[in-house]
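Undergrad: The lines below spell out each chain.
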Amino acid sequence: MRITVTVNGSEHHREVEPRLLLIHFLRDELRLTGSHWGCDTSNCGACVVWLDETPVKSCTVLAAMADGRQVVTVEGLARGGELDPVQRGFAQCHGLQCGFCTPGMMMTARWLLNRNPDPTPVEIREAISGQICRCTGYENIVRAVRWASEYEAQARSGGGLQGVLPNQHGDDDAEVIT
Amino acid sequence: MIAAGAYGPRPRKEDARLIRGLGTFVDDITRPGMLHGAILRSPLAHARIVSIDATAARAHPRVEAVITGQDLAERGLAWMPTLSADVQSVLATDKVRFQGQEVAFVVAQDRYAARDALELVVVEYEPLPPVIDARTALDSGAPVVRDDLTGKQDNRIFDWTAGDKGATDAVFSSADVVVGCDMVYPRSHPAPLETCGIVAETDPVSGKLTVWSTTQAPHAHRTLYAIVTGLAEHKIRVVSPDIGGGFGNKVPIYPGYLCAVVAAMITGRPVKWVEDRSENLMSTAFARDYHMHGEIAASADGKILAVRARVLADHGAFNATAQPSRFPAGFFHIFTGSYDLQAAFCEVTGVYTNKAPGGVAYSCSFRITEAVYLVERLVDVLARELGMDPADLRMRNLLRPEQFPYTCPTGWQYDSGDYPRALSLAMEIAGYDELRREQAQRRARGEYMGIGLSFFTEGVGAGPSGHMDILGLGMADGADLRIHPTGKAVLGISVQTQGQGHETTFAQIVAHELGLSPDDIEVVHGDTDRTPFGLGTYGSRSTPVSGAAAAVAARKVRERARIVAAAMLEVSADDLEWAEGKWRVRGDPEQARGIAEIAMAAHSSLELPAGVEGHLDASAVYNPPNLTFPFGAYICVTDVDSGTGEVRVRRFIAVDDCGVRINPMIVEGQLHRGLADGVGMALMQAIVFDEAGNCLGGSFMDYLLPTAVECPSFELGSTVTPSPHHPIGAKGVGESATVGSPAAVVNSVVDALAPLGVRHADMPLTPASVWRAIQGNPMRSDLTPS
Chain A
1 MRITVTVNGS
11 EHHREVEPRL
21 LLIHFLRDEL
31 RLTGSHWGCD
41 TSNCGACVVW
51 LDETPVKSCT
61 VLAAMADGRQ
71 VVTVEGLARG
81 GELDPVQRGF
91 AQCHGLQCGF
101 CTPGMMMTAR
111 WLLNRNPDPT
121 PVEIREAISG
131 QICRCTGYEN
141 IVRAVRWASE
151 YEAQARSGGG
161 LQGVLPNQHG
171 DDDAEVIT
Chain B
179 MIAAGAYGPR
189 PRKEDARLIR
199 GLGTFVDDIT
209 RPGMLHGAIL
219 RSPLAHARIV
229 SIDATAARAH
239 PRVEAVITGQ
249 DLAERGLAWM
259 PTLSADVQSV
269 LATDKVRFQG
279 QEVAFVVAQD
289 RYAARDALEL
299 VVVEYEPLPP
309 VIDARTALDS
319 GAPVVRDDLT
329 GKQDNRIFDW
339 TAGDKGATDA
349 VFSSADVVVG
359 CDMVYPRSHP
369 APLETCGIVA
379 ETDPVSGKLT
389 VWSTTQAPHA
399 HRTLYAIVTG
409 LAEHKIRVVS
419 PDIGGGFGNK
429 VPIYPGYLCA
439 VVAAMITGRP
449 VKWVEDRSEN
459 LMSTAFARDY
469 HMHGEIAASA
479 DGKILAVRAR
489 VLADHGAFNA
499 TAQPSRFPAG
509 FFHIFTGSYD
519 LQAAFCEVTG
529 VYTNKAPGGV
539 AYSCSFRITE
549 AVYLVERLVD
559 VLARELGMDP
569 ADLRMRNLLR
579 PEQFPYTCPT
589 GWQYDSGDYP
599 RALSLAMEIA
609 GYDELRREQA
619 QRRARGEYMG
629 IGLSFFTEGV
639 GAGPSGHMDI
649 LGLGMADGAD
659 LRIHPTGKAV
669 LGISVQTQGQ
679 GHETTFAQIV
689 AHELGLSPDD
699 IEVVHGDTDR
709 TPFGLGTYGS
719 RSTPVSGAAA
729 AVAARKVRER
739 ARIVAAAMLE
749 VSADDLEWAE
759 GKWRVRGDPE
769 QARGIAEIAM
779 AAHSSLELPA
789 GVEGHLDASA
799 VYNPPNLTFP
809 FGAYICVTDV
819 DSGTGEVRVR
829 RFIAVDDCGV
839 RINPMIVEGQ
849 LHRGLADGVG
859 MALMQAIVFD
869 EAGNCLGGSF
879 MDYLLPTAVE
889 CPSFELGSTV
899 TPSPHHPIGA
909 KGVGESATVG
919 SPAAVVNSVV
929 DALAPLGVRH
939 ADMPLTPASV
949 WRAIQGNPMR
959 SDLTPS
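Here the protein sequences line up with chains A and B, keeping their order.
Quick note: the first sequence, position 156, residue 156 per this note's numbering, numbers continuous.
Quick note: the second sequence, position 686, residue 864 per this note's numbering, numbers continuous.
Incorrect hints may have been included.
Said to hold, decoys possible - Stretch by stretch, here's where chain B covers chain A in the computed footprint (C-beta under 8 Å, at least three residues):
id	region
1	34 to 40
2	94 to 104
Said to hold, decoys possible - So, partial list: chain B residues that the calculated Cβ filter (under 8 Å) puts toward chain A:
id	residue
3	Gly186
4	Pro189
5	Ile197
6	Leu200
7	Arg219
8	Val417
9	Asp420
10	Asp454
11	Ile844
12	Gly847
13	Ala854
Derived from the structure by calculation, the hints contain no laboratory data.
All C-beta atoms in this analysis are idealised placements derived from N, C-alpha and C, irrespective of residue type, glycine included.
For reference, chain A alone in the conformation it holds in the complex:
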């Protein structure tokens, strides 16, 4: 079947098998290998991407279901060469080791901060509780998300960072960067 999917702002037309999973569409068809496949059963979250602004586990979404819709992957987090504060937070706080879960974790973290700019550690843990990291014990992932939250709060309060943060992901960011 023929599908049209907009990924990270670019429109892609492909002829695909109806059974093709979104994760394989992204990785094998579009060569966007930043999203990873980890478990088959929607447990690990290494494959989390956004489908119309909502995080989904792309190992359990058919590519056909993304027809006509917007997908954002880790490759779309940075804009104009500028890293997203979440990406910076993960590097600053050692929120990753092997890096395999990291793209999915960052996509969920970005989604969380867009809705809740100042999440507590408990709220962060709940937000990523559908995803597995085998390296960090989650401690530094929580710190990384908090780092990004505080960084963005400073930017909002005019702490010399205003304008540095690009308006990244459509309408939701209006809530964050006001």
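Once you've looked at the hints, dock chain B against the given chain A.
TA: Just chain B now, with coordinates in the frame of chain A:
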């Protein structure tokens, strides 16, 4: 001083690509014309293969080849050596010996077609009775798992002992107090988030084989591929790109790797094989599966005198433990722990069962995990018997600083330590006395709060080649350090990161020695064509062995630089001292040259003394004189719901001493990981089988791993007791928390349930398991109830 600045917390070089989604993991690699492999696996735990018919699969329009055991047998590749001097079936020819065993390999044009074609391979099995419970494996009349081994009539792999039986029994027979405990360290699986995989490609002109694979030991794999396939070793290149976690799971060579290599040779095209999660959990190296009986002897006033243990070790269908060959039970005989004992004795029997092979595969420091769990549970059982506080009992018996170097009753020589300091610090961070007061108040209210301790000593950094080898390969590691004319450097190392941050830490090691910035040093690893030989990253050996090699190579560079600096400054080399990252003239600190200036001079027309070659490059091979012995004190606070059996880990305090910390940020990250392992293994993780040998832990829905919700925020502390024999005083830390933490969690839960009369409960302490223990009817959580 620049050099002093090279150690310390520092963001990682690796992160720049990984946070952008631009890492290169094995499944990210695509080669022109690449085919995809998939493995047909046995649905049965034990069965004779009557026939395999691949006709329909071969007729599939997108299938390029189907390989069976018979095809491999014709090439002499149906069986391969394991890392424990056994053999393992690559594709089954005679019978299948565990559920999930490899039976056929399908090669197709895409990964979906390869999976489709698996269903077209028809295999007729004749089921055989399986051996599932290790405790019955040695029964007379038990089915023989390994009838492929000539003359094999039973399921015994080895009987092995350590320590002095007579001396130990004598201490036990005269001791005031002897207590014992049966305990199971259940089978678990390391489950790195990236499963195992490979891309194999042969060059049609040179015949060179290149494999990109998920390996923690690229050089050892190259040698093994040469031995197994008969290819010349210089015609094999093993590349280990970004690896999504290893934890020991990626040390062995798996049948799928060899199948992909053979498929690449047969088809003349690159072949990718990446296993799915169920394949990873059901067929690759498991961990633990130790059935232990431990006893501890003490005086009435709490002086621990001796320990002894009997262990039944379930190794699965093939003895494929990845460990130094001369130690069939790994380093289990360090089970004397951190205490000053008179005697110790252990006996370990290894058995075959109809389960996946493995055993040493999960951050266990070659079975020290099991040893620490045994002795730390015994100490708690003893404390209960004596009516002593478990912290007091430990403090009373810990080795004292002045006893180091200390030789334990089974022969390990601990290099350095200050154990009471670590335990005191952990108790201080925890507020131990206050916790005990709170516990008393809660108990009075009928609430179940537990405080569990563990103290561990590991031996890591295998190892001295005179004592340790894997399949005859000594466990030394090389380092090549090249200094470019402008003073930038490239360090080639034999070990390979799976998230440990080698590219950063090893740059810091060299920078520290040479007065350079870590930013000016590129670390090359994971490619056998570009790096020196060494046995790889596992057993917490990277910093103790390869890190030492890097430091030694850097010191050789420094000494070469001294000669050049002397020529530059027109003084004798003896008149130079290394200070503040430069060679400078004694008494004239203005006269100094740094490595960058010296490097340019070393490549220039500067006249050097006769016999001096120029340039600064150096290499080193480090053969460690001993293991290093990191240690730590852990305290876990839990709350247990006696109605549901649910355990909540409220706090976890960990004080670790791994000697000198090169990058404390990375050290702490590794500790966080291991502490999460402790929570997971103690409370959730077990690979369980039913009576027919069906694996009941074959997906992440059944094999539960801790998420952010189960893990507490970890509270870390540190002490630093340098290793006296390591060039930079470092000890290795990658497995410390995995080794030390499960006992603290279990001790905490048992402590919580003490008022209910619970003396022991086996991992994993799931709500059901805890609830059963509360009812006085503990269950064997490693097997399904029959």
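Undergrad: It remains to establish, for every hint, whether it holds in the given structure.
TA: Verification of the hints:
Only when three residues or more bring their CB closer than 8 Å to a CB of chain B does the claim for the region 34 to 40 of chain A stand; here the count is 7, and the claim holds. With 9 residues having a Cβ less than 8 Å from any Cβ of chain B, the region 94 to 104 of chain A passes the three-residue criterion, so the hint holds. The beta carbon of B/Gly186 is not positioned within 8 Å of any beta carbon in chain A (closest approach about 13 Å), and the interface hint is therefore violated. At a threshold of 8 Å, the smallest CB-CB gap from B/Pro189 to chain A is about 5 Å, leaving the interface hint in force.
For B/Ile197, the suggested interface contact is upheld, since its CB lies about 4 Å from the closest CB of chain A, less than 8 Å. A distance limit of 8 Å between C-beta atoms decides the matter here; for B/Leu200 the minimum to chain A is near 7 Å, and the interface restraint holds. Hint on B/Arg219 is violated. Least Cβ distance to chain A is approximately 15 Å, over the 8 Å limit. The interface hint given for B/Val417 is broken, as the beta carbon of that residue sits about 16 Å from the closest beta carbon of chain A, more than 8 Å.
The restraint placing B/Asp420 at the interface with chain A holds, with a minimum CB-CB distance near 7 Å, inside the 8 Å limit. Below 8 Å, beta-carbon pairs count as interface contacts, and B/Asp454 has one with chain A at about 6 Å; its hint therefore holds. For B/Ile844, the shortest C-beta to C-beta distance to chain A is roughly 7 Å, which falls under 8 Å, so the interface hint holds. Annotation: B/Gly847 was flagged as interfacial toward chain A, and the flag holds, the nearest CB pair being 5 Å apart, inside 8 Å.
Residue-level restraint check for B/Ala854 holds (minimum Cβ-Cβ distance to chain A is 4 Å; threshold 8 Å).
In the structure shown, a violation is registered for the earlier hints numbered 3, 7 and 8, in ascending order.
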